[in-house]
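So the sequences go chain by chain: A and B.
For the record, in the first sequence the residue sitting at position 209 is 209 according to the numbering used here, with numbers rising by one throughout.
For the record, in the second sequence the residue sitting at position 307 is 307 according to the numbering used here, with numbers rising by one throughout.
Source of the hints: derived by calculation from the structure; they are not laboratory data.
Take these hints with a grain of salt, some might be off.
What the hints assert, rightly or not - Here are some chain B residues pointing at chain A (derived, C-beta under 8 Å):
| # | residue |
| --- | --- |
| 1 | GLY168 |
| 2 | HIS170 |
| 3 | GLY171 |
| 4 | GLY173 |
| 5 | ARG184 |
| 6 | HIS187 |
| 7 | ALA197 |
| 8 | PHE200 |
| 9 | PRO256 |
| 10 | PRO259 |
| 11 | PHE265 |
| 12 | PRO294 |
| 13 | LEU297 |
| 14 | CYS358 |
| 15 | ASN359 |
| 16 | GLN361 |
Ideal Cβ positions, reconstructed from N, Cα and C, are used throughout, including at glycine.
2 protein chains.
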Amino acid sequence: MMLNQTHDLTRRSWIESANVADSDFPLQNLPYGVFRTAADPSALIGAAIGDRILDLRAAARAGLLPDAVSPACGQPELNALMALGAPAWSALRARLSELLGSDTCPEGEQRARVSACLVPMRDAEMLLPARIGDYTDFYASIHHATNVGSMLRPENPLLPNYKWIPIGYHGRGSSIVVSGTAVRRPHGQLKPADAPAPVFAPCKNFDYELELGAFVGPGNRLGERIPLAQAANQLFGVVLLNDWSARDVQTWEYQPLGPFLAKNFATTISPWVVTMEALAPFHVPAFKRDGADPAPLPYLTDATDTARGGLNLTLEVYLLTAQMRLAGQAPHRISRGNFQHMYWTLAQLLAHHASNGCNLQPGDLLGSGTVSGPERDMRGCMLELTWRGTEPLKLPGGEERKFLADGDEIILRGYAERPGARRIGLGECRGTVLPAN
Amino acid sequence: MMLNQTHDLTRRSWIESANVADSDFPLQNLPYGVFRTAADPSALIGAAIGDRILDLRAAARAGLLPDAVSPACGQPELNALMALGAPAWSALRARLSELLGSDTCPEGEQRARVSACLVPMRDAEMLLPARIGDYTDFYASIHHATNVGSMLRPENPLLPNYKWIPIGYHGRGSSIVVSGTAVRRPHGQLKPADAPAPVFAPCKNFDYELELGAFVGPGNRLGERIPLAQAANQLFGVVLLNDWSARDVQTWEYQPLGPFLAKNFATTISPWVVTMEALAPFHVPAFKRDGADPAPLPYLTDATDTARGGLNLTLEVYLLTAQMRLAGQAPHRISRGNFQHMYWTLAQLLAHHASNGCNLQPGDLLGSGTVSGPERDMRGCMLELTWRGTEPLKLPGGEERKFLADGDEIILRGYAERPGARRIGLGECRGTVLPAN
Numbered sequence: 001m002m003l004n005q006t007h008d009l010t011r012r013s014w015i016e017s018a019n020v021a022d023s024d025f026p027l028q029n030l031p032y033g034v035f036r037t038a039a040d041p042s043a044l045i046g047a048a049i050g051d052r053i054l055d056l057r058a059a060a061r062a063g064l065l066p067d068a069v070s071p072a073c074g075q076p077e078l079n080a081l082m083a084l085g086a087p088a089w090s091a092l093r094a095r096l097s098e099l100l101g102s103d104t105c106p107e108g109e110q111r112a113r114v115s116a117c118l119v120p121m122r123d124a125e126m127l128l129p130a131r132i133g134d135y136t137d138f139y140a141s142i143h144h145a146t147n148v149g150s151m152l153r154p155e156n157p158l159l160p161n162y163k164w165i166p167i168g169y170h171g172r173g174s175s176i177v178v179s180g181t182a183v184r185r186p187h188g189q190l191k192p193a194d195a196p197a198p199v200f201a202p203c204k205n206f207d208y209e210l211e212l213g214a215f216v217g218p219g220n221r222l223g224e225r226i227p228l229a230q231a232a233n234q235l236f237g238v239v240l241l242n243d244w245s246a247r248d249v250q251t252w253e254y255q256p257l258g259p260f261l262a263k264n265f266a267t268t269i270s271p272w273v274v275t276m277e278a279l280a281p282f283h284v285p286a287f288k289r290d291g292a293d294p295a296p297l298p299y300l301t302d303a304t305d306t307a308r309g310g311l312n313l314t315l316e317v318y319l320l321t322a323q324m325r326l327a328g329q330a331p332h333r334i335s336r337g338n339f340q341h342m343y344w345t346l347a348q349l350l351a352h353h354a355s356n357g358c359n360l361q362p363g364d365l366l367g368s369g370t371v372s373g374p375e376r377d378m379r380g381c382m383l384e385l386t387w388r389g390t391e392p393l394k395l396p397g398g399e400e401r402k403f404l405a406d407g408d409e410i411i412l413r414g415y416a417e418r419p420g421a422r423r424i425g426l427g428e429c430r431g432t433v434l435p436a437n
Numbered sequence: 001m002m003l004n005q006t007h008d009l010t011r012r013s014w015i016e017s018a019n020v021a022d023s024d025f026p027l028q029n030l031p032y033g034v035f036r037t038a039a040d041p042s043a044l045i046g047a048a049i050g051d052r053i054l055d056l057r058a059a060a061r062a063g064l065l066p067d068a069v070s071p072a073c074g075q076p077e078l079n080a081l082m083a084l085g086a087p088a089w090s091a092l093r094a095r096l097s098e099l100l101g102s103d104t105c106p107e108g109e110q111r112a113r114v115s116a117c118l119v120p121m122r123d124a125e126m127l128l129p130a131r132i133g134d135y136t137d138f139y140a141s142i143h144h145a146t147n148v149g150s151m152l153r154p155e156n157p158l159l160p161n162y163k164w165i166p167i168g169y170h171g172r173g174s175s176i177v178v179s180g181t182a183v184r185r186p187h188g189q190l191k192p193a194d195a196p197a198p199v200f201a202p203c204k205n206f207d208y209e210l211e212l213g214a215f216v217g218p219g220n221r222l223g224e225r226i227p228l229a230q231a232a233n234q235l236f237g238v239v240l241l242n243d244w245s246a247r248d249v250q251t252w253e254y255q256p257l258g259p260f261l262a263k264n265f266a267t268t269i270s271p272w273v274v275t276m277e278a279l280a281p282f283h284v285p286a287f288k289r290d291g292a293d294p295a296p297l298p299y300l301t302d303a304t305d306t307a308r309g310g311l312n313l314t315l316e317v318y319l320l321t322a323q324m325r326l327a328g329q330a331p332h333r334i335s336r337g338n339f340q341h342m343y344w345t346l347a348q349l350l351a352h353h354a355s356n357g358c359n360l361q362p363g364d365l366l367g368s369g370t371v372s373g374p375e376r377d378m379r380g381c382m383l384e385l386t387w388r389g390t391e392p393l394k395l396p397g398g399e400e401r402k403f404l405a406d407g408d409e410i411i412l413r414g415y416a417e418r419p420g421a422r423r424i425g426l427g428e429c430r431g432t433v434l435p436a437n
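Whole structure, please, built from the sequences with the hints as guidance.
Structure below.
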């Protein structure tokens with residue numbers, strides 16, 4: 001994707017909160033979400049700018065947006081916009097950048113019309129950004145796969161198919177919730193290795209998984225493939241994703257068909273979909289295979305993807321326990337990784353998914369799988385951070401954690417930054433563990 | 001479920017084609033589907049009766065249906081009706097039985113009004129009956145699990161969790177198609193055990209799987225469970241389901257997260273949803289565990305389910321090859337099994353699914369898993385019938401099959417019958433294999 005005026009580091013918004021150095025939502029970002037306010041219970045599409053939301057339905061009605069995207073901007077979910085495809089997405093972004101830029105929208109009548117469409121973020125409740133049809137979860141971090149494999153099969157951590165196949169499986173769409181939704185500790189069948197029989201009880205080894213979620217654009221028809229060279233254009237944007245996991249349930253249930261009730265009780269995503277165009281300045285080469293790694297098969301190989309399919313995106317996990325919350329402490333960062341350590345690119349995940357003719361649709365969500373990196377503090381879940389509970393996390397207030405306790409809040413944060421580009425934030429993905437009922 | 005007048009064996013319809021002994025759709029069945037006609041491209045809900053479809057939108061508009069269900073009957077899909085719950089389903093069924101019964105709707109004005117809502121089946125194109133949100137596929141036949149396990153692990157065919165957990169996993173919703181849709185042979189990564197590397201090529205070991213699909217009714221809220229005693233009331237009805245499978249893709253990809261591209265290129269269902277109420281006369285005891293089998297955990301145990309949770313439903317698979325079609329031959333039956341051999345009941349599958357608080361929604365589809373029985377001719381897929389291709393099927397015209405060839409059509413049929421009850425048919429689930437593209 002070509003960089004253009006919407007990426008220009010020097011441009012500022014006339015909304016001053018967007019120009020603060022650490023704002024997640026500067027003029028160069030412009031992510032999309034769905035919100036509602038107490039004043040209007042309708043679900044509305046908005047674009048985030050600083051601490052404001054531009055109500056796109058209102059902007060469309062005011063005649064401020066391109067005709068080709070205005071109907072989609074009036075919908076209660078992003079699916080119709082996702083279906084329009086990359087040229088329409090670019091046109092909308094360019095127009096929003098123009099309307100919100102201090103250089104391109106000087107004080108005057110037009111700025112007043114735009115102002116009338118702004119809503120303070122603090123007055124908005126964020127909703128799921130899209131009607132998610134199918135949700136697929138991948139396993140694209142070789143560090144995560146190796147760590148988890150080491151616990152199960154120390155002599156042979158990585159399965160033989162890992163370096164050939166972007167391993168993935170279908171997840172549950174109905175239980176995807178938006179950031180801020182409390183998540184109940186599930187019951188499940190638990191069977192310690194030395195017990196003769198399982199019991200049905202609240203999960204003990206409750207975990208989070210740090211992932212990136214990617215929303216699909218127009219998609220493909222059933223029976224048709226998406227070539228890797230066209231896959232990047234099918235990606236609308238990304239969110240933070242927490243793939244909550246009941247590890248003890250997973251251990252006992254997952255053979256032979258994969259995780260099921262260990263995962264499908266809840267998945268949390270952040271509300272703002274940061275577009276691939278906003279992230280264009282942060283593309284980096286795909287994972288560098290070493291001599292022992294096979295080259296991907298031709299359908300998973302594309303020169304542009306190899307050169308620029310990776311994403312330099314910092315991803316952090318914070319933990320806030322109930323005790324810390326009472327003590328007024330700040331959330332404690334327990335890991336910081338980067339998406340560029342993923343073995344497969346987002347485009348490879350998408351091209352592989354459609355390689356058998358499986359039809360992808362606007363609003364489908366692809367989870368990357370747990371984002372872990374080569375270093376210890378880059379591990380993206382408690383299972384890895386505590387090495388199955390054998391090395392508990394020590395928290396600043398003196399508490400320890402092997403897995404999550406009731407009342408614990410997990411906060412995912414993400415941002416892209418590099419010299420010469422404006423920092424782009426993903427916002428937050430939060431969820432607090434409720435006790436089992 | 002109590003039997004009532006709608007099950008009365010002696011009652012007849014004034015639509016004579018419904019009274020033929022082998023009709024799938026007698027007055028006692030009244031399954032629901034969605035259709036359209038050349039005359040009206042709208043998707044319409046209908047009930048099948050003999051060789052006719054009663055257009056329920058038209059019937060509702062004519063004031064013939066109960067007020068509580070009329071709005072749902074005017075929708076283009078069954079979801080709203082599924083959401084209404086068992087009492088509303090019963091009320092609609094009772095009313096349809098009355099309108100279509102020769103005793104309850106004698107010749108006259110009312111019969112004429114009903115007649116005006118009838119459409120010949122031959123003029124209708126059947127569509128998917130519901131907007132399927134999430135599709136889950138189970139593995140509830142112990143005979144299937146044992147056969148497949150025997151091929152992979154002769155010394156230990158059944159995994160230790162099988163008799164405790166109704167094993168299931170999430171499938172793909174977008175690629176579910178209605179009977180009659182041709183299915184393209186997928187490409188995928190194939191790796192013979194002795195090859196150093198996989199290749200991306202058309203699947204060679206193309207298979208079908210005979211399953212029953214069950215549609216969910218009102219469902220549950222996220223974080224709440226559905227007790228087994230209430231699970232049967234959550235089941236709206238069943239269809240035939242063909243879980244097409246690329247066995248060679250599956251072998252290479254399925255570790256550690258389960259089948260993915262081997263399955264998600266297409267799943268075919270029959271168009272008529274036969275209600276659980278229509279099948280009430282055919283309930284039988286759940287699978288009889290022997291002394292070596294553990295009793296299910298309490299959340300999977302209910303006296304009524306044990307006594308009546310099984311379903312005496314005959315399921316058949318027919319194969320029609322291109323050569324047979326050219327020669328004018330009839331489809332050849334390659335297996336005949338019965339759903340009463342399933343280890344887990346449909347209600348147990350549903351209660352287990354919601355046991356961690358996973359929210360089920362109207363229109364969600366639960367696949368039973370391949371229905372295989374204790375006898376050789378009860379095996380529900382080619383993998384089992386040909387024992388992984390080692391014992392090819394011999395067809396009447398002299399052809400042999402290890403797996404499916406291009407042009408092969410698989411036809412699933414199902415029906416319930418017993419002395420003292422009217423035969424209830426599921427109709428057909430058909431699909432022809434197209435060559436890879």
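Once the shortest beta carbon distance from B:CYS358 to chain A is found, is it less than 8 Å? holds (5 Å)
Less than 8 Å between beta-carbons is the criterion; does B:HIS170 satisfy it with respect to chain A? With a minimum Cβ separation of about 4 Å from chain A (threshold 8 Å), the hint on B:HIS170 holds.
Would the stated hint for B:ASN359 survive a check requiring a Cβ distance to chain A of less than 8 Å? holds (5 Å)
Checking hints one by one. Is B:ARG184 an interface residue toward chain A, by the C-beta closer than 8 Å rule? For B:ARG184, the interface hint holds, since the closest Cβ of chain A sits about 4 Å away, which is under 8 Å.
Agreement of hint B:PRO294 with chain A interface, Cβ distance less than 8 Å: holds (7 Å)
Chain A contact restraint for B:ALA197 - C-beta distance below 8 Å: holds (6 Å)
Tell me if B:PHE265 is really an interface residue toward chain A, meaning its C-beta lies closer than 8 Å to one of theirs. Because about 4 Å separates B:PHE265 from the closest Cβ in chain A, which is inside the 8 Å limit, the hint holds.
Answer holds if the nearest beta-carbon of chain A is closer than 8 Å to that of B:HIS187; otherwise answer violated. Nearest chain A Cβ about 6 Å off; hint holds.
Mind checking the CB of B:GLN361 against every CB in chain A and telling me if the closest is under 8 Å? holds (5 Å)
Hint validity - B:PHE200 Cβ closer than 8 Å to any chain A Cβ: This interface hint holds because 5 Å falls under the 8 Å limit.
Using Cβ atoms only, decide whether B:LEU297 comes closer than 8 Å to chain A, and label the hint accordingly. holds (5 Å)
Holds or violated: is there a CB of chain A closer than 8 Å to the CB of B:GLY173? holds (5 Å)
In terms of the numbered hints stated before, the structure departs from none.
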